[in-house]
Amino acid sequence: MSRHNLTRRGVIKTGAVAGAGLALPTYLSAAGHEGFTNAPTGDTVTLGFNVPQSGPYADEGADELRAFELAVEHLNGEGDGGMLQTFSSKALEGTGILGKRVEYVTGDTQTKSDAARASARSMIEKDGAVMISGGSSSGVAVAVQALCQEAGIIFMAGLTHSNDTTGKDRKANGFRHFFNSYMSGAALAPILVDQYGADRKAYHLTADYNWGYTTEEAMASSTEALGWETVNSVKTPLTQTDFSSYIAPVLNSGADVLVLNHYGGNMVNSLTNAVQFGLREAEANGKKFEIVVPLYSELMARGAGQNIAGILGSQNWDWKLENQLGARYTGTNAFVQSFGEKYGFPPSQAAHTCYVQTLLYADAVTRAGSFAPCAVVEALEGFEFDGLGNGPTTYRADDHQCFKDVVVVRGKENPENEFDLVEIVEVTPTEQVTYAPDHPQFAGGSLGSCNNGA
Amino acid sequence: MDQIIVQVLNGLDKGSAYALIALGLTLIFGTLGVVNFAHGALFMLGAFCAVVFSRILSLSHEVVDETRTDFLGNPMKIDVPYMHDIFGPELGASIIDWAVPLSILFSIPVMIGVGFAMERGLIKHFYKRPHADQILVTFGLAIVLQEIVKAFFGANPIQTPAPEAFTGSFDFGVLLGFDPLTIMYPYWRLVYFGFAALIIGAVFAFLQFTTFGMVVRAGMADRETVGLLGIDIDRRFTLMFAIAACVAGVAGVMYAPIVAPNYHMGMDFLVLSFVVVVVGGMGSLPGAVFAGFLLGVLESFASMPAIVELLPGINQIIIYLVAIIILLTRPRGLMGRKGVMEE
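Chain order of the listed sequences is A and B. Heads up, the first sequence is in the working numbering, so the first residue is 1 and it goes up one at a time. Heads up, the second sequence is in the working numbering, so the first residue is 455 and it goes up one at a time.
Certain hints may be false.
[To be verified] To give an idea of the chain A side of the interface with chain B (calculated C-beta under 7 Å), a few residues: (1) Ala58; (2) Ala225; (3) Thr230; (4) Leu238; (5) Ala248; (6) Gly278; (7) Asn285; (8) Gly286; (9) Gly344; (10) Pro346; (11) Phe383; (12) Glu384; (13) Pro429; (14) Glu431.
[Unchecked claim] Label-pair restraints from in silico Cβ distances: (15) A:Gly35 to B:Glu601: 38 to 46 Å; (16) A:Gly310 to B:Ala760: 29 to 37 Å; (17) A:Lys287 to B:Ala760: 41 to 49 Å; (18) B:Asp686 to A:Asn417: 54 to 62 Å; (19) A:Gly77 to B:Gly527: 43 to 51 Å; (20) A:Gln306 to B:Ala659: 34 to 42 Å; (21) A:Tyr209 to B:Lys582: 39 to 47 Å; (22) A:Ala443 to B:His515: 35 to 43 Å.
Rather than coming from a laboratory, the hints here were simulated on the basis of the structure. Just so you know, even glycine gets a beta-carbon here, dropped at the ideal spot from N, CA and C.
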């Protein structure tokens, strides 16, 4: 039988040694994450969701936020799991990310680059966010992506369609799941020619900013390659609400197609004006006059109401994909079910891309075994996956752009409800929308090196 | 030639909106001496009166259709408007279809109420304060109204279509001897132009031919003297504020099918309308109307592709350029009265 003399000093010494021993694994684990910005040290990890909560895209931002919340719920093992069940990678088990419970902070981009950068900076510096996602404008995406690159944070872009995001403004720490202007042009042009003929003259009205330019360039070059002629391209101010002065000359310009390179409220108003001026019923060059909207969104379609009936456009994803086109688009129904039961309506493509980006980030961290940005970059570059609603998809290493099928849609003539506004016309296969990383529309940029930050 | 005619029509239509807003602004400035930066918000509130009234007419109850399924595979719930129950499907649908013109009846009391509340609750406390204070407080009010609308209706534009009878375009080409389809102009924009002419005419007739209007005009010229005659000019001016709010409101109601109502549409018009007022001459009602149409037409011409190609961006600055030129040569504006804003 041994005797123990418990002295005050002995207790303190023993306690100190035991404490150090117990703390050692934690210290080593933390050391494994050191050397990069906002290395999570506790039992939680914080993600930053930077969406427009005010300004013209606030409704779109609200839908993105719903999707982010759903993704966090699923990552933490709550709810029905959504696309975790269908995702081809099985690294995620609903136990957070690398065993850390996922928490999130939100910011308001106001759809302004400076405001978006300020809120992203705050989320990085004050809230310790290790990844930033979201947005509803290419200008915002490019600005926040550059900030994340400097800070050593991963940026998983939300809705951004300009070629430049993964073109001249691409960054090693930035990734885009959403499709781009080039892909819209490549997917739409053959269908436009098929539906309206090769002998067409197009008149472009283009939003006077970065996204408008790349969309006009993509649409013009894709359609011209198949025989169309571009008769005029007119830039319209982003603040314009009444487009009548721009629409009125279209009918007598020699054009028989109007391409509206507009988005959001601009598109709703320009399309409404075009329909009011009778372009849908008009004839030119002996043909029925047609209107094309390169980038559709469900919220825009709802805003434009009956005016979108019969008008062709492109989408990154549609909530009806799996039901209408089968198991290739598996994951779609799981997400729609999960989102629909929680919120009472189907998700928009903005919600889908934000949800998927969050899962892809979590999966990359888990596969890499580290939150370090360079490890995440390595895990995402060239990553091939399936089961997230778009069919087989690749995150190309050269520019961090996802390559997948593009959905071509048409405004429904007789929608059954406010969520069923577009019908899927065709899905353009990946090969048809894939381009070389140094394609002229994407030239001039370089990924540079990944940045781990601090 | 056809292009010129189209742009003249366009200009007159834009000018109608500018003139209606500028008319109300001038009425308020001429009677109360208040520079009302919330006037654009009143135009926006009018447009949302159309949205609200359309929604009231479309109030529905759910009927479950077991034969169809919704996006989750559950039995489809279909909204059946109460109007269909009360008046039958055909008449009910027609009433809903005519929601925008009918909204005028709804908007008049609403806007008069808003006008009264604004004038009695806020504006009257700023009569004797500098114009800068009035501008700040009314601009603040405009932002508050805008944010309230956004909180209730969201940031996206809300489609509020014209009655089906007025959708589509009128073939002006045939009317003027051109080839068919060369000059098409939307029916509803023609309706808007006619409506604006009617309202402008009614306001002028009211001021010109009624005793009330005569007293108001006298008060605009010399408020103190009219007051000394024992006339309660303040009460009349309050009513004029409510009338000005009502003019902006009905202008907004009828504009709803042209540009889908959105929370910032008032701000889009506000600066332009002030330029219109200044160009027309502060305090001059005919000046506001004339300048509204003039600047509307000039803006439309400046947006013609040939002009924009020659002078990129000219359509964005033409109104301000003209304002600078007119104010340099005629500091009181085209029809401005001596002494207004010159103290």
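Of all the hints numbered above, which does this structure not satisfy? Sort the numbers upward.
Going through the list in order, the structure violates hints 2, 3, 4, 7, 8, 9, 11, 12, 13, 14, 17, 19 and 22 and respects the others.
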